[in-house]
Amino acid sequence: MTAPFLLAEKLERRVGDTQILAGIDLSVQKGEVVGLIGPSGSGKSSLLRCIAGLDPLTGGRVLVEGRTPSPGDGTVGMVFQQFNLWPHLTAQENVALALRLVRKLSRAGAADSARTMLDRVGLLKFADRRPAQLSGGQQQRVAIARTLAMEPRLILFDEPTASLDPELTTEVLDVIRGLAETGMTMLVVSHEMGFVASVASRAVFLDHGRVLVDGPAKAVFRDAEEPRLRRFLATYLQRVAWAPEPEPATGSPVLLETVANPPGEGMPLTSPEAGA
Amino acid sequence: MDWAFIQEALPALLRGAVATVAVSLAGIALGFVAGAAIAAAATSGARGLRAFAMVYISFFRGVPLLVQLLLAYYALPFLGIDIPAIVAAVGTLGLCCAAYMAEILRGGLATVPSGAVEAARLLGLTRAQSFLRIRLPIAARAMRPAIVGEAIMIMKASSLVSMVGILELTRASQALASSTFMPLQSYALCGVIYLVINFVLMAVAWQRRQA
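If you read the sequences in order, they're chains A and B. Numbered by the numbering used here, the letters in the first sequence go through residues 1 to 276 in order. Numbered by the numbering used here, the letters in the second sequence go through residues 277 to 487 in order.
Hints were generated in silico from the structure; no laboratory data involved. A virtual CB, placed ideally from N, CA and C, is assigned to each residue, including glycine. Just to be clear, a hint being listed does not mean it is correct.
Said to hold, decoys possible - Sample of chain A residues facing chain B (criterion: CB under 8 Å; computed from the structure):
#1 L54
#2 Q82
#3 L101
#4 M150
Stated by the list, open to error - Restraint-style ranges between C-beta atoms, simulated for each label pair:
#5 B:L325 - A:G183: 43 to 53 Å
#6 B:K432 - A:S70: 29 to 39 Å
#7 A:R61 - B:L325: 26 to 36 Å
#8 A:S40 - B:A327: 48 to 58 Å
#9 B:L408 - A:D174: 45 to 55 Å
#10 B:S390 - A:D73: 44 to 54 Å
#11 A:R222 - B:L325: 56 to 66 Å
#12 A:R67 - B:S390: 18 to 28 Å
#13 B:I359 - A:R61: 55 to 65 Å
#14 A:R67 - B:R337: 46 to 56 Å
#15 A:S106 - B:L301: 47 to 57 Å
#16 A:A3 - B:L325: 40 to 50 Å
#17 A:S40 - B:Q483: 44 to 54 Å
Stated by the list, open to error - Partial chain B-side listing against chain A, Cβ under 10 Å, derived:
#18 G383
#19 L385
#20 A386
#21 P389
#22 A392
#23 E394
#24 R397
#25 T402
#26 Q405
#27 R417
#28 M419
#29 P421
#30 I423
#31 V424
#32 I428
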């Protein structure tokens, strides 16, 4: 057994009387893609922010390749729900700025690298646009390019598609899927269960700041023995048009307006046997 | 108002206008620098600095500028601090402007989304880089209208420094009015010149908005 790539030990974060993370242990091997799922307020985003060093821990420690990462040391990259692009800079400048200021590349060298990265996420032709002139999905892809350009060892995705219209999520998820295939180590917080089921090698279910379930993604979704995980997954299934109806007796038609995942995008997750 | 009057009056008024612009720009420049310092104090971690900034802002926003001018001109010499009228005028305008600028800067920086700063931090930008390259430019867009507004206010408020004997545009018009016995024409011309000066300021702001 090799030493884990990312090791989080007994992470605790408490703000006032609120326990946000209540002793989280997590170890991730290089190249693993871990999907973090759980109800809102369960601590998923806080966990990512603590690993990145954006929020202080009140207990425990984080090691990446044996060292405690600090924000800005290039170890950990993060992609945010709100993209967090810089509105006064073009897409290319957003990607190039840190290359120039932090990596000390020349202006031309940074511009070249930035264009290569934008090409990788399919946005080279929008290099000179400002964020306000891009769709949400395009903005998120620029944000991913900006993170990738700095060649982080580990990338954290904090609900990368949660503020996108459903038809724009696919382009972002495809970029993340492509990244997973290159062997990048990633932690992905997402409510796109189909995406987590198909891309993540491992799924971790958090509730009230604790890890309740941690295992291979397929097993976590298929077996789902933990009662709270079952309830959590069931709320998703109820919103999916092609899901088996949870209460056949009521016979209520499933509303098409509330489709969470368009069919054909990602794999449908296996249902926990309804009513069992 | 006939053309002969304008020809006769204009040179003196324009000299006054130059003084108005000079005093105002000096005041605005001082206001910007001092305002940045006050804004830094207002948002600093030290309680003493924050309290100082609060008292400063309250005083200069709460006491009429004219009273501040008279205090600087009459009260400071009484305390043994003798300053020339022009220093009292520019200093008071600038320190008063600083109180407003501090609030504009503080408010503008507060509008910068924390996520933009967090992204900069994670990508490795230093605090200074993040401030100069990210926070300030984003805030500048939000602050520009308020800063131009403040500059226009100072340009107009500079008419008050005539009270401490500075011969600027308003004072020049008063002199003209009493020497020609044509107050209506004198002050109308004075008003037009103020309008032209401030129109230039507004035009600068409009042009920048389109850019």
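Taking the hints in turn, this is what the structure says about them:
1. Proximity of A:L54 to chain B holds as hinted, the smallest CB-CB distance being about 6 Å (cut-off 8 Å).
2. About 5 Å separates the beta-carbon of A:Q82 from the nearest beta-carbon of chain B, less than 8 Å, and the hint is met.
3. Evaluation of the A:L101 hint against chain B yields a held restraint, the C-beta minimum of about 5 Å falling below 8 Å.
4. Interface hint at A:M150: satisfied, since its Cβ lies 6 Å from the closest Cβ of chain B, which is below the 8 Å cut-off.
5. Look at B:L325 against A:G183: about 51 Å separates their beta carbons, and that is inside 43 to 53 Å.
6. Roughly 51 Å separates the CB atoms of B:K432 and A:S70, a value that falls outside the hinted 29 to 39 Å.
7. Separation of A:R61 from B:L325 is about 35 Å and conforms to the stated range, judged on CB atoms against 26 to 36 Å.
8. Between A:S40 and B:A327 the CB atoms are about 40 Å apart, so this pair departs from the stated range of 48 to 58 Å.
9. Taking the beta carbon of each, B:L408 and A:D174 are about 36 Å apart, not inside 45 to 55 Å as hinted.
10. Between B:S390 and A:D73 the Cβ separation comes to about 20 Å, which falls outside the hinted range of 44 to 54 Å.
11. At about 60 Å, the beta-carbon gap between A:R222 and B:L325 stays in the expected band of 56 to 66 Å.
12. Here the CB-CB span from A:R67 to B:S390 is close to 27 Å, well matched to the stated 18 to 28 Å.
13. Evaluation of the 55 to 65 Å hint for B:I359 and A:R61 yields a pass: the beta carbon distance comes to about 60 Å.
14. A beta carbon spacing of about 51 Å between A:R67 and B:R337 agrees with the range 46 to 56 Å that was offered as a hint.
15. Roughly 38 Å separates the CB atoms of A:S106 and B:L301, a value that falls outside the hinted 47 to 57 Å.
16. The hint said 40 to 50 Å for the Cβ distance between A:A3 and B:L325, and at roughly 47 Å that hint holds.
17. The beta-carbon spacing between A:S40 and B:Q483, approximately 46 Å, falls within the hinted interval of 44 to 54 Å.
18. Hint status for B:G383 relative to chain A: violated, with the closest Cβ pair at about 18 Å, above 10 Å.
19. Nearest Cβ of chain A to the Cβ of B:L385: about 14 Å, over the 10 Å cut. The hint is violated.
20. Contact between B:A386 and chain A, as hinted, is not supported at the beta carbon level, the nearest pair being about 16 Å apart and thus beyond 10 Å.
21. With 10 Å as the threshold, the beta carbon of B:P389 comes within range of chain A, its nearest partner Cβ sitting at about 7 Å, so the hint holds.
22. This hint holds: B:A392 has a C-beta 6 Å from the nearest C-beta of chain A, less than the 10 Å allowed.
23. Annotation: B:E394 was flagged as interfacial toward chain A, and the flag holds, the nearest CB pair being 6 Å apart, inside 10 Å.
24. With 10 Å as the threshold, the beta carbon of B:R397 comes within range of chain A, its nearest partner Cβ sitting at about 5 Å, so the hint holds.
25. For B:T402, the shortest C-beta to C-beta distance to chain A is roughly 8 Å, which falls under 10 Å, so the interface hint holds.
26. At about 5 Å, the closest approach between the beta carbon of B:Q405 and any beta carbon in chain A falls short of 10 Å, and the interface hint on this residue holds.
27. Checking B:R417 against chain A: minimum C-beta separation of about 7 Å stays under 10 Å; hint holds.
28. Hint on B:M419 is violated. Least Cβ distance to chain A is approximately 13 Å, over the 10 Å limit.
29. The interface hint given for B:P421 is broken, as the beta carbon of that residue sits about 16 Å from the closest beta carbon of chain A, more than 10 Å.
30. At its closest, the beta carbon of B:I423 sits 16 Å from a beta carbon of chain A; the interface hint therefore is violated under the 10 Å criterion.
31. Annotation: interface hint on B:V424 violated; nearest CB of chain A at approximately 18 Å, more than 10 Å.
32. Because the smallest distance between the Cβ of B:I428 and any Cβ of chain A comes to about 25 Å, over 10 Å, the interface hint for this residue is violated.
Of the numbered hints given earlier, the model fails hints 6, 8, 9, 10, 15, 18, 19, 20, 28, 29, 30, 31, 32; all others are met.
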